[in-house]
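Chain residues, written in single-letter form:
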Amino acid sequence: MHHFKKALLAGVVVIAGTAFAQAADCGITAKGRVSIVGNEFPAIKSVAAKAAECDNIEFSSNLTADHQKINVDGMKANPPAFTSAIIANSSIVALMNEDVIRPLDDLVAKYGEGINPQQLITIDGKIMAVAFMANSQHLVYRADVLEELGIAVPTSYEEVVAAAEKIRASGKMQNPVGGAYASGWNLAQEFVNMYIGAGGEFYKPGTAEVSVNNAQGVAALETMKTLSGYMNPDFLTHDSNATSAEWEAGNVALMNMWGSRTGVLMDAEGSAPEVHTNTKVSGPLTVGSSGVPATTLWWDGWTVAKNASEEDAAATFLALKHGISPALLNEETMGQAVWMIDGYTPAPVNEGVFKTMAAKAVPYPMLPYHGLLHTALGDNIADFLQGKESAEQALADVEAAYTAAAKEKGFLN
Amino acid sequence: MRHRSFAAFVLPSALAMLLFIAAPIVSVLIQSVYAPHAQVIVEIENCGPFGCTKSTTVDQEATARLLEEQPLGRFVGGDIYLNRNHLATSEIGAAWSAASGLGDFFSRVLNLPFYGALAFTLTYTAVVTPLAMIFGFFIALSVNSLPRFMKGPTIFFSLLPMIVTPLVGALILFWMIDARGILGSALQAIAGDPNLSLKASTPLTWIMLMVYGIWSSAPFAFVIYYAGLQTVPQDTLESAMIDGATRWERVRYVILPHLIPLTTFMALIKIMDNFRVFEPIVSFQAAAHAQSLSYFIYQDLGGETRLLSSAAATSVLTILGVAILLSPVVVRTWRDYGRKIA
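Listed in order, the protein sequences are those of chains B and W. If you read the first sequence in my numbering, its first letter stands for residue 1, the second for the next number, and so on. If you read the second sequence in my numbering, its first letter stands for residue 414, the second for the next number, and so on.
Treat the hints with care, since some could be wrong.
[As the list claims (entries may be wrong)] Cβ-to-Cβ under 7 angstroms is the rule here; a few derived chain W residues that face chain B:
| no. | residue |
| --- | --- |
| 1 | Arg497 |
| 2 | Ser513 |
| 3 | Lys612 |
| 4 | Ser723 |
Calculated directly from the structure, the hints in this document are not laboratory data. Note that beta-carbon positions come from the ideal geometry of N, C-alpha and C, so glycine has one too.
This is chain W alone, in the form it adopts within the complex (with noise of 0.2 angstroms):
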């Protein structure tokens, strides 16, 4: 393609990219390192049905001269990134002095907000991403080698996961796991401990939430996959077996390499999902025992006081979480183009 005909192709999307995604981001940059202004309070009277008590108000008129001479509120730099509720430095140093090993100060880490969800959140793509690929993967084979008339109904099956919307497929989990629920008595009549609560346990809670991970994101791999698998080479396919290869040895030694680009975008895609993790910590109604940093944003804008610097702090560490997370496999792909193209 010449390159004015490609730039005219692109243009539109490159627009709405740059309007729609760009310019929030630097919107949300700029919103992180401003803060509200000082607040003017006020000793005031409330009276009400039951009483009249002395109160404290902000003052409206003072505060909208304040916003009038900088609507954007006091400049704080980084403040907000590095105080406790995110990046947390000074804590880590205090931290760091008063812990008695490095056991105690790892404890002491995790009890911050932050690290506490990052625990979390990697743990989780660490081990969603993987297990749901390998999952989909023999799902695929599986569906692949059925015959034609079982493979349609199969196929929308397996994709119910997908189907259905993550909040509703998470809270039929929620109530089948509950203590009075038929998996969560189940569990507990294998286990023979009419007190065992997945809810009421850590580990427990955040296994729940990796298997409901799994379960739901299963079917994506399944259909790249599935897709993939229609694209193997049928000759290399058939040498191989001339060549007296075993089923196991054509997907380990055909199949597979065939399906490693797809599986480097699909680990893309995954990985900045599971990053952002944040329905079934809803739905689960698992906030006590697993946080996430899309959590906070959300807890952030839904508390009785907003709070929007903290959420677009938030926001960005996100981005830079997910941009770490993914230069690996950038760097990669990168480097597999650059060597095709020389």
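Extracted from the complex, chain B is given alone in its bound form (with noise of 0.2 angstroms):
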């Protein structure tokens, strides 16, 4: 029986001594309720993983894809059912429509030490998020197919359609070209790039009045067109997921892909040797003469809601200030994203988003009604690549899409 009792009480200890070792001390004075919506991703889980780390807190996270669909109402609640949304600076907008996050300039003040003003978004003079990484759609590119060819790595998407018709014409790939298509949100991402990149401006001067039905419009969305012309029929139907699938299989041979998400690629699981070992990423694309990259750039970073408590917002504060500090870095989590973090040395896989960001590419619209228009958009412009209406046409409906849509939500009259 003595035996037994000393048993137990090592594997107490024990178990004591691994809670210990996990438990960070992260500043929190006064417990505090950690609860964090975002994405999924590798480099939003390592985050939200290092946070929950910290000791006098009561953590859960609940990341999804579907993030956007449960932020809001989460954050609305009184007390609010999370305390921190991970969010972009597109999905930001609906927040502060919705006026549901707090500004952070007090926490900041008093427990902000270590955080890099360049990390600071501020919103009309008030801080109210911390982004910890950068992100953007680049070129990813297969070397062997292109050495073998003797193409050079494309910088436009003219170079991209040459190379496409030349990697078909050899037999090696039918359809050498990759992208995330799927109609919905995808594909309204692709035409913003394009339309950036075109040299267009979504909106007359100083309104909220749409206006892409125009020479740039078209010509986006021709060269979307070819573009698909050299992509798996099914493109309509694949969205980032999909299209890293199809390169992993060794379908595709470029493809403009998420910076986030090209480490996947170039890992061994789920792809043959010849293809990961050939992966390389390369700068944005341009299309036309405007000089401007065909992309944007995208931070991340973390929120605090507007109805959580003192405690729980100083809590939540200090949690995530430890999930994005350099503690955070190391082998596994170092690639996973251009990190905005003391300490980070950028990997080979990282380069297309600093070569983007060196290229001046454009941030991604923070206007409060922009996500009207990115729906009306993918709802409307499959129509046009699939060769059931004319350019103009499709940009019509977009345009008519947005202005009911805009003026049911009070943005126009």
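The task is to assemble the complex, starting from two chains supplied on their own in separate frames and drawing on the hints.
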């Protein structure tokens, strides 16, 4: 019996020891609740896991691709279901529109030591979010295929089309171009890239009145249609995940892909050695002669719910500050993103995002009504890519759908 | 039953219906005639890792004041029902005056989201409802004539499509019909066209969705008909046999008339279900080719910026659509009962 007790005690000590090793002192004095909602990809998972290490907190997280469907309602409640939403520059707008996140100026003044000023997202002079990583779409290519056919790494979509024609003619690949062209959000994002690259402006200056039915809009759509001719015929159902799968299967040699997703393509998992060892990244592509890269810059960051109590807000702020502290960086997490964290050393996989930043790409528009336009684009441009209607008609439909929605929402009279 | 005991018996469920069905419909109706206030937009400067940009944002204080005065938003009456994303009355008028002929007019109308979705939904309902019922009937007939020991397992397997969660069932089919999936490649081999893709063609996508609809809802018809077959009077069947009726004649003149009330009931339920077709569009990622009113509601609620009034208006239109579709069946049932009582 005595031995048994001793063994039990030893076990308890071991368990307590592990718990102690995991808990980190994040400076949280009053116990608080930390509940995170956010998108699901490796970098965000790492941040949430790091934040969970803090002691003196009650932690929970809900990371899902459908985060935007739940974050507003979850933060509107009082007390809120989520004390923090991890968002990007497009999705913070919905939270701002609904007024569910709080300014962080007081928390930054009190606890903000160690956060770089360039990480602070200020809107109208108030700090609303803390960014921790940069992201963008850029070219990913198969070095072996291009080399074998003597093709230089493309820097423009015109060169991509020429290269695709060469690859198809060589018989190596039937559909050498990839792209997240799934109708809906992804397709709209590709149009946003292409339209910016063609030098277009989405709105009449100083208003919420849309203006995409113009020469730049038509040029953007025509380029997308030409590219889609070199894609798997199912391209309208391929989101980023399906496009990555096509890449790993070795069916694709050129694509415009998210920096945050290239790490998965370069690791040994899920693809043949000839695919993953030859997967290389390059900078953004251009279209036409505008000189603006046909892509957008993104940051991911975290916010604090307006309805969170003072203790919960402080605990959330401190836990997430710990989540993005230099302690996060190790061999595994280093390549997951372009971190805005001290001590981060870029890996080859992150080069694409850096090249995009250096190429002076523009950030994704942070306008309160831009989400409505993004939805209208996603719903209407597939008709053109399928050859059902002209580019002008598709763009007219986009404008009409946006205008009706913007009137309903009160952005237009 | 006495009126009082009947009332006491029905009261709880009537109350629950009032609370969980009628009240939400009223709330949706109210929401659909109100829209958010005119947004107060202020020009601001946004700063972040990529520098500062001039931008705009919603003035929250002004919005809060507006909401306090009128918490429901601004009253817009039927505006949302009539706007371009719903009934599109003025767009239809414009199409009528601009169209070069009747064909051109219809193609212009079908380009409007509501009518495009209605075209798919009605085709889907018209094709899937009868076919699923006919299939279910024949499965029931064949299972009914099986030897006893085989009935159990056969029933179980016939019910599988209904047991599998619609989203999962559709997703499995979605993978199978992929250009690189087993069914997709088989079709390519049969057609001799390596570029054939079910997901890239609108007519093929429609057919695929309808085949899925029939596959997933035939078991329901089967179960109901199978139960119905057990109640067919054996005496009548036997006398028909003695009179020399063939198997087909027995089905046509004895079994079918007996199952008519059941068929009406099932048609009611299936028309209602099929008109609200939703899951297959999501799982087959078919939104580029086929949309339904339910899909619009989902999209309005799931977009970056949610359109609550629009979703409410579409919900009301869906209810109206179901009511219109069901009216012939309901009227018929009403008449039948009237006749019986009189």
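Here is what the structure says about each hint:
1. Arg497: Constraint on Arg497(W) satisfied, holds at 4 angstroms.
2. Ser513: For Ser513(W), the interface hint is violated, since the closest Cβ of chain B sits about 15 angstroms away, which is over 7 angstroms.
3. Lys612: holds (4 angstroms)
4. Ser723: holds (6 angstroms)
This entry does not satisfy hint 2, going by the numbered hints stated previously; all others are met.
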